[in-house]
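Fit chains B and C to the given chain A structure using the hints.
Chains as they are written, first to last, in numbering that gives the first Met the number 0: chain A, 0 to 319; chain B, 0 to 561; chain C, 0 to 134.
Hints are not guaranteed to be accurate.
[Unchecked claim] In silico DSS-like cross-links for lysine-lysine, where the CA-CA straight-line distance does not exceed 25 Å:
hint, chain 1, residue 1, chain 2, residue 2
1, C, Lys81, A, Lys76
2, A, Lys228, B, Lys216
3, A, Lys243, A, Lys228
4, B, Lys511, B, Lys148
5, B, Lys497, A, Lys204
6, C, Lys70, B, Lys492
7, B, Lys516, B, Lys492
8, B, Lys185, B, Lys550
9, B, Lys550, A, Lys228
10, C, Lys5, A, Lys19
11, B, Lys489, C, Lys70
Note that these hints are calculated values from the structure, not bench results.
Residues per chain, in single letters:
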Amino acid sequence: MQALTDVEEIARRVLSGDRKSIAKAITIIEDNTAESKRLIASIYPSTGRAQIIGLTGPAGSGKSTLIEKIVQEYRRKGKTVGVIAVDPTSPFTGGAFLGDRIRMQELSTDLGVFIRSMATRNYLGGIAKATKDAVKVLDAAGKEIIIVETVGAGQSEVEIIKVAQTIVVIHAPGLGDEIQAIKAGIMEIADIFVVNKADRENANKAVMDIQSILQLNNKEATWKPPILKTTALTGEGVPELIEKIEEHRRFLEKEIGRKRSLGKAEAEFIEAIKEKVVNSIIDDLKKEGRFEEFLEKIIAKEMDPASAAEKLLHEKLRRH
Amino acid sequence: MVMFNEKKIKEIREERQRWERTALPNWVKQCPERKKEFRNHSGMLLKGLYTPEDVKTLDYLQDLGFPGEYPFTRGLHATMYRGRLWTMRMFAGFGTAEDTNKRFKYLLREGESGLSTAFDYPTIMGYDSDHPMARGEVGLCGVVISSLKDMEILLDGVPLDKVTTSMTINGPAAMLLAMYVAVGDKQGVPREKLGGTTQNDMLKEYFAQKLCIFPPKPSVKLVTDIIEYCARYLPKWNPISISGYHIREAGANAVQELAFTLYDGIAYVESTLERGLKVDDFAHRLSFFFASHNDFFEEIAKFRAARRLWARLMKERFHAKNPRSMWMRMHIQTSGCTLTAQQPLNNIIRTTIQALAAVLGGTQSLHTNSFDEALCLPTEEAVRVALRTQQIIAHESGATNTADPLAGSYYVEALTNEMEEKAMDYIQKIDDMGGAIVAIEKGFLQKEIADSAYKYQKEVDEKKRIIVGLNEYTIEEEKCPIELLRVDPKVEKQQVVKLQKLKRERNNRKVKEILEKLHYSAEKDENLMPTIIEAVKAYATLGEITDVLRKVYGEYKELIII
Amino acid sequence: MQSTRKIRVLIAKPGLDSHDRGAKVVARALRDAGMEVIYTGLRQTPEQIVETALQEDVNVIGLSILSGAHKALFPRIMELLKREGLTDVMVFAGGIIPEEDIQEMKNLGIKEIFGPGTPTETIIQYVMENIQERT
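Chain A extracted, bound-state conformation (with noise of 0.2 Å):
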């Protein structure tokens, strides 16, 4: 068997679905290397099949468990699935817990579902791009379903859950903050709300919460993000999960959907052009010497580095 160095033929291993290529693929993604370019480049053309669903929730949720359902309830429908679980990697140590995918280990042997877990690691791209780099290897693989879960936590992690179509917030009664817990951000672009553990007594009070708070944002929007309750650990409410996750699909395909992801185009072209340009225009000034010149002065306080940066570029451009 031809060893899998070869860009290429990753990519066109990804394409007929082989697991073994998914991974490798993810982790030239992971790794940021000079492959990962041409490896999306290749795989690009096959991508925008799949539906992509974003599950986020503060720790004790019960995300995990209410993900390893939808994931079966969809296998049960005969639709393929990938899963990325994305935890966040120690600023101090560099290293990461990738716990995740323990729940939903039972479907580890089930074919038919790819689960990947990702570390948030330092990536110059921001992890969001990481994501949605992996999220494209999933779906030009073929997977109908792709699930990314977060923690939703921190600032990134809203970047990472734009990259669905379809987001998903899951809460739970009795976790303490009740709805801080749900940063700001997170709110605001949730497609739908799910209250989990919906036996215990209080379910009802964190429905009542998130209707206050989604009444005071008072957006006008043509989707309304309805208020579902689920027990994950039963599989109580998974079904009209399902059925939501569906016609908020349904939705998209309309106009609105349309222009969702002419922007989610645009904002991606945009980042890779300015990426491209950033680190283009800094690598020439370092090679030219300029860029330390200009950075001694800031240490020695003789220039500010927005003065410098101005400085810099205004040289740098009118050469153009």
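Frame of chain A, contents of chains B and C only:
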């Protein structure tokens, strides 16, 4: 009424300060202390000297009292070991029921006073020996019991009216207890005379031993079924052994072991009260199980604090009236995780120190580990030495000549007080959180334990904690000095054949009916003991019965905190 | 282009053994050493472990077992790894594995056995020095 009057304490304090100012510094200059700080496993800062000042609030009658009387700090029985020694109960089990029956008889012959059964992993998880998850695991860590037939062989020649048996079983405790009852019935022993213990403590499984089959709520329900059933029909049986041992082995420190065990006890009392029983109907049969770890005085203080704290909780929180309801009867096992694979004979010394602490702590029952624990199952020779350890302490050391010999020691009493205080802090915290199940769901207990375990390992790695033979006093070439006991892999094949035979020869229609009855009963939330006894008597297998319950209750998936 | 390459480790508990204190301490130590650690939880079948290793594209697998069932489970795991073409994944083991079994386990392809009392630093060093360079 405190033990020392104000004036005396003041005098002592002044003299102690004088000593610290003048005499002590000279000593320290000549011979500096070996460490900056001396701490025990729970992290308590230990002083160089303890004086009456450290126990100035101690009130003899209120805080210590007399053995056999509230608050039982000094022991449960008035004469303690002068009247009766603790039960020497050696945990045993491996291979087939025949193999373990042989080991049981050996131990009884060598002088142990009660039986204690270790089951293999498939049995513990409610799998028959022919289940795919049982592959390669049958009989390795304990005896395999797949049906009443196996239990009958296990207890062959053991008179159940004379011998008490402890069974370390949790998830399928009801099934194993049912089998024991069935064997007792066959022997013609009246059920009121059957004595023993089922561990049956599911709460600690979720955050310590991890042998969970069903989710927490139904597990606690099954535990309570057994407590209720025993209260009515098996008056001599200890339905539960509320365990701290596994919590400690998972990495908790002494305070955590104490606090979390007591809290589990609180939770079970509450769940049984919810059934409508009165506390004095069942509390006298709740028993406890602790570890005895390396820090000698810390452990003794822990055992004494445990008794006093439980007595106070039963009286003040649950309003028990019968003094027996306030008794904390404990079984202790010397700590397995402190034993090393390196220079295994050293383990005999560790076990001796730990066993002595248990005796000075006033235990009712004791298991001492064999020195080869870190290598394999205990060989006959190793387990005999472990048993002799107890016998030598009992008959040669003089430790049994008086009750609670360390009472009054400034150090031990100060430690006992601090143990109680710190344990109460945790209990308050878990109360505030909403109870044991919430604390488990939030991962609080797991995090405390994982942090303690990690801290301990770091201390060993950094040589802040010396373990002789492991990170200090090591020897270069260690050849395994002893013969290992290994279980014959044929055991698994034999069991599978046995099961097939059993299923052929029994009345399968009857088994089917009873299993359906069980399913129905479980859905209706009835006490399942009577039906399970029926089922085992019809030779339904352990796996078959557990599967019925798995269908009704679902299976548990763990919350991981590292 | 700044690479964000990390060492990815799978810590697995095969079989019914439920003693996870060691596995969790090692997982945490490896994480604190800058690695990405995937932990499978308890009671994993060989099939689950190998499939997880494949999907997570790990460099290393650490197997923890104290029940004595390694003789039945390790051969199966190593066989499946071979079948899936994952022979470049380094496998080490720990727990209670009698000395007399160690050579047999190494013959299966398990690179090292870390017995009780092994300092975590030893394991960390070993992993760092022995993972195969990624192609």
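- Query: Which earlier hints can't be squared with this structure?
  - Reply: Hints 1, 5, 7, 8 are the ones this structure does not satisfy, whereas the remaining hints hold.
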